[in-house]
Amino acid sequence: MATRPENFHEQLLALRQEYIRRLPEKLGEIEAEWADLLRANWDAEKLRTVHRRAHSLVGSGATFGFPSLSDSARTIEQVLKELTDQPRPDDGSIENRIDELLMELRKAVIQASRELPALSQEEDTDLDVLATPTSRTRMVYLVEGDEIPARDLALQLRDFGYEVRIFNTLKSLREALKFPPPNAIIMDILMPDGDGISALADISRDTAEGVPALVVTVLTDFEARLRAVRAGAGAYLLKPVDIGELVDKLDHLTGNKPADPFRVLVIDDSTVLTEYYALILRHAGMLTRTCQDPTQVMTALEDFNVDLILTDVYMPGCDGFELAAVLRQQDTYRSVPIVFLSTEMDLDKQLTALGTGADEFLTKPITPHHLISAVTSRATRARLLRELMLHDSLTGLLNHSTVKERLVKELAQAMRHHVPVSLAMIDIDHFKSINDRYGHLAGDRVIKSLARLLQQRLRQSDLIGRYGGEEFLILLYDTTGQKAQTLMDKLRGDFSELKHQASEELFRATFSCGIAAVSREIKAPALTDIADRALYQAKHNGRNQVLLVNA
Amino acid sequence: MTSRALKRILYVEDETDIQTVAKLALESVGGFEVEICNSGTNALKRAPAFAPDLILLDVMMPDMDGPATLTALRALPGTADTAVIFMTAKVQNSEVENYKKLGAIDVIPKPFDPMTLAQTVREIWARHGDKT
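Line order of the protein sequences matches chains A and B. By our numbering, the letter at position 117 of the first sequence is numbered 117, and the numbering carries on one by one without gaps. Here our numbering = 1-based position in the second sequence + 551.
Derived by calculation from the structure, the hints in this document are not laboratory data. Small disclaimer: the values here were computed from a predicted structure and weren't measured. Each residue gets a CB set at the ideal place from its N, CA and C atoms; glycine is no exception. Incorrect hints may have been included.
Estimated spans, in silico, between C-beta atoms of each pair [as the list claims (entries may be wrong)]:
| hint | chain 1 | residue 1 | chain 2 | residue 2 | range |
| --- | --- | --- | --- | --- | --- |
| 1 | B | 632 | A | 194 | 40 to 46 angstroms |
| 2 | A | 95 | B | 645 | 31 to 37 angstroms |
| 3 | B | 659 | A | 91 | 35 to 41 angstroms |
All chains should be built: construct the whole structure from the sequences, respecting the hints.
Next up, the structure:
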């Protein structure tokens, strides 16, 4: 029964790493429960819960080699123990003391986390999250009766930046929901201890704001879908679940992409009215600019990146119809929605306005609510259209021509500021065989999941584009070649672990990557060429690897 | 209780982290056969069939704690006099004595060191055998 000692050490190390990985979550639970205890007016049962959590850290910390963790937790445990069955001291001293001790505990957890193998750029981010709990991690509760598929899914979701807690029963989920809710719940319908949809219905009834939820199931019948909709589920996915689709829905439901406020230009010769409309729109969270002289419209539009123009019809110097025509003659403003606002009730005149390039005709006086909803719906659709024009429809990344254009600009800017940049070119290995063997739909899913991974793991400031069919171009801003290589190699490893869904089976894919690190004055086409050659070399060397070249 | 070889250990512990590391330490280093139970209730169900030589019992568990589990185990014919060691974070001498009075042969302080846990258990078992 006894295994070789080196094997034991290996296993112990693995357990230890797993323990470290889950420490932030444990810390988060204690902190959340402590906050809960304060809100719950010192409820005896909640006090015991916090006490038990601290106790469990005392027992496990030093066993896994973190004595300071055990020590901090022990002090918390002792302080709480003395408080059991006592009235809450009303001078705030206990609150301060526990807060201090939790800070100590947090430090011990951060210290322990540093022992995990380096994760290049992400490492700092992880520690940031620790430093300010609850801020940026998106927590998902995965409610699934089968342990093994649940773990598998959780691992994949973590690659896309979600923290996942698995619940094998509805009972354990209900317990957890007594504490601050997660950002989303993924629910299986057929749970060992009940019906998942009814549980969702209960949750949406019991929580004030509701928790975004999506259903993952083998049930294909309409009735189940209808029940899910009625229980407030935001999506309904069939098993085996496609990870790309799941992440898509989760991103959407958890509002992962913060919306940029709409930018509206308001034109009316009456100062009072322009200010009034602008005020209403600003209250709805939009950015506004005002203009009282239509002949000055070009100046007003400068550097504004306008989403929608709201204009009066009858103005001296140039009326609304003429203004629309002038704007429509310029490529930049050809697709910007123009909304007319006037006392004009005559249907014929309104139709004329629409004919000259206006998108909508609103009649004064208008209620604030009506104005906001008309502007919002027009601006939303216009943005969507613009997205479609600049972005690749399959992946949502910048399309070939846009990324090429942006590369020129950003490279020039980096050169001016002497910022190190690296250009990475990625190509999925043996993509043609993937298509041949598993079908084009499966191939598309592979492309989408790589795109997702890049979006999730790279920074907002990095330029990411779909350069060709299975080819991606990435400009890493303020990143040396060495750093870029570490980062891309981590992504390469993680991508090779992802499982993709074909009709009958799951399969894996890999990519090769060439990086050109900029070390001198260079133009975009030449740089792209060097990255391309590095990629070719990486392919030649056997694929599934990252090759760095100095440019 | 006659002195015999220690082979089968039942470990009762609610904490999954500790469960896995203890199982690894006792099986890999000690060469014991280990069965894990995650609660006192669970232990009462599984102990008769597993017929352990020794039971390691965590003191602080929700619902049914260590001492309560011990009392209940004593009422079962199969475990009426099976040796029991408590595992606990509290190690004051007076408390150790109290646990012994309840019928435990010894107390192992938590957190334990996975490298030496099996050895500690062996030593306690040997001392216990000498006394009987």
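Okay, the hints, checked on the actual structure:
Evaluation of the 40 to 46 angstroms hint for residue 632 (chain B) and residue 194 (chain A) yields a pass: the beta carbon distance comes to about 42 angstroms. With their beta carbons about 32 angstroms apart, residue 95 (chain A) and residue 645 (chain B) fall inside the hinted range of 31 to 37 angstroms. A hinted range of 35 to 41 angstroms holds for the C-beta pair residue 659 (chain B) and residue 91 (chain A), which are about 40 angstroms apart.
The structure is consistent with each of the numbered hints, conforming to all of them.
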